[in-house]
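Engineer: Next come the chains, spelled out residue by residue.
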Amino acid sequence: MRNTFADTIYEAGRNDKRVAIVVADISPAGSMQKFRDEFPERFVNTGVSEQIMIGLCAGMALRGMRPFAYTIATFTFYRPFEFVRDDLCYQNLPVTVVGIGGGVAYSTLGGTHHAQEDVVLASALPNMNVLAPCDPAECREATLWCTTQERGPVYLRLGKAGEPDLTSRAVDPFVFGKLRYLRRGSDVCILAYGPITKMASDLAAKFEARGESVSLVSVHTLKPLDTEGLVAALQSHRRVVVIEETAPYALGLRVKALAWEAQARCRIDTFSLKDAFIHTYGAPGELLAAHGLDLSVIAAKLGLS
Amino acid sequence: MSFDVSAARRRCMAYRRRILDISQQVPALHAAGAFSCLEIVDVIYNELMRREIGERPRFVDSFVMSKGHGCMAQYVILEALGILTKHDLDTYCVPGGQLGCHPDYGVPGIEASTGSLGHGLGMATGMAYADRINGEDRRVYVVLSDGELQEGSTWEALQMAANLKIDNLVAFVDLNDMASLSRMSETHPAFYPVLDKLRAFGWEAVEVNGHDAGAVHDAVTRRRGDRPFVVVGRTVKGRGVSFMESIPIWHYRSPNKDEYAKAVAELSEVTS
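Chains A and B are the protein sequences, given in the same order.
Under the working numbering, the first residue of the first sequence carries the number 1, and numbering increases by one thereafter.
Under the working numbering, the first residue of the second sequence carries the number 1, and numbering increases by one thereafter.
Calculated from the structure, these hints are not laboratory results.
As the structure is a prediction and not an experimental result, all values here were calculated from the model.
No more than 30 Å apart at the CA atoms, straight line, and that leaves these computed lysine-lysine pairs for DSBU-like: (1) Lys274(A) with Lys223(A); (2) Lys165(B) with Lys17(A); (3) Lys86(B) with Lys257(B); (4) Lys165(B) with Lys34(A); (5) Lys223(A) with Lys301(A); (6) Lys178(A) with Lys223(A).
For reference, chain A alone in the conformation it holds in the complex (with noise of 0.2 Å):
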């Protein structure tokens, strides 16, 4: 996923000179590296600082610009909070916060670099759009979308790299703000965002394995939520699967709220990390299975062998 928002943030750079990327201490690669090549004034390094590279972007995007800050989420958002809340979302500039490596995917750098409540955060803050895509085609349409909105400041959650594709086949189209559903069933509606939605997608095997028409979708619009589309999923499927690598405070409490609102009865059950720092250090899906997030123990806690 990093290489294709760096291909996509190129291109993208290569249209429209308001388009910067403001990075705090990483070593740009492949078309990131391209892109400093060839436009180094609108590339810049603040080094180990990460309220500089949030204040620039801001006075920047004062200046019409599009600026981009973009380094390990923990750094891009937890560090500059202060910065992300009142240089960005209080003055609502068009600024894209990118955290790379949401989650746990940082899985043997420890907790510092693990960002489990970024969503949760960003979600809180006012004037502030919150985006997970779950795959590289949809971290495209997610970062292109990016380049030319109008809204204000955006919190950008990528994975890191080795993302299958599961959206090239999607029954929807991108469509900032909206659900996404990838497959379309009628029994049980499966709902993530970000890489997680891989283990989302095998879930839903397992359940069509046993015949059920199964739902998938993408939650990749954190906020504003579609909680109108998320009525309509609860109001339309027996059953509700919420997977997601955030701390559990995100999609699954919100969803739960809008089925108590809405009166839905459907059953649901949600799945998310644990609020915990957890000292497994090996493979991403070692730590998540640390969390609980592992498909076997999933299936067997939904009644499925």
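Dock chain B against the given chain A, drawing on the hints supplied.
Structural biologist: Only chain B this time, still in chain A's reference frame:
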């Protein structure tokens, strides 16, 4: 470059009177902090910032009040320039009015929202940088409080401005040595020396009496100009009203009727 110092002094005396009048409309306001940077902000708006030709002043250059709580200084000057109206100042901190304790981006004449210290210089740096790479001949002026120099974010901004050689950025530090309830030189001695630190971070820096309008003006016009520039102004919090000067309680307070009368009676032109 000719600079009418007497006119500046007269303007500042009128601004102090205006701020005192407004103080009677609200339970409290940041009067003393506005008084300490008044000469600086007046020089910026009336002598340094370039204007487009036209009836109402439209500035080519920009001003950011990083010391957000000092914005009463900015408001009265914008009112005098006709960018804010008397009604705006009369409805300061009242529902339906558009002016609050801290500057709000979107209000006429306000180019960035500040209020949390340590943000304005970073944004000003970004604005100045964008101007340069977009080929715009614009300068950005920014006023900081000395307390803001305690924020690490200020030093990130100072460092990056120097790294990027942003020479269309001019900063002013309102060095009144007061933070909260005490003198910084007493409670935070390692804060000083300030000038050496700024120069070590790659800025051209000079120190002048911040209430001497001529000195502030000349410092800027005589700069070398190949790197970002900062004027450290030695100032007095509450300057202009004897019983407010360097007394902590006046950080956020409105004079009562007697104090107001006394202040108005003793107001005179500040020369230093």
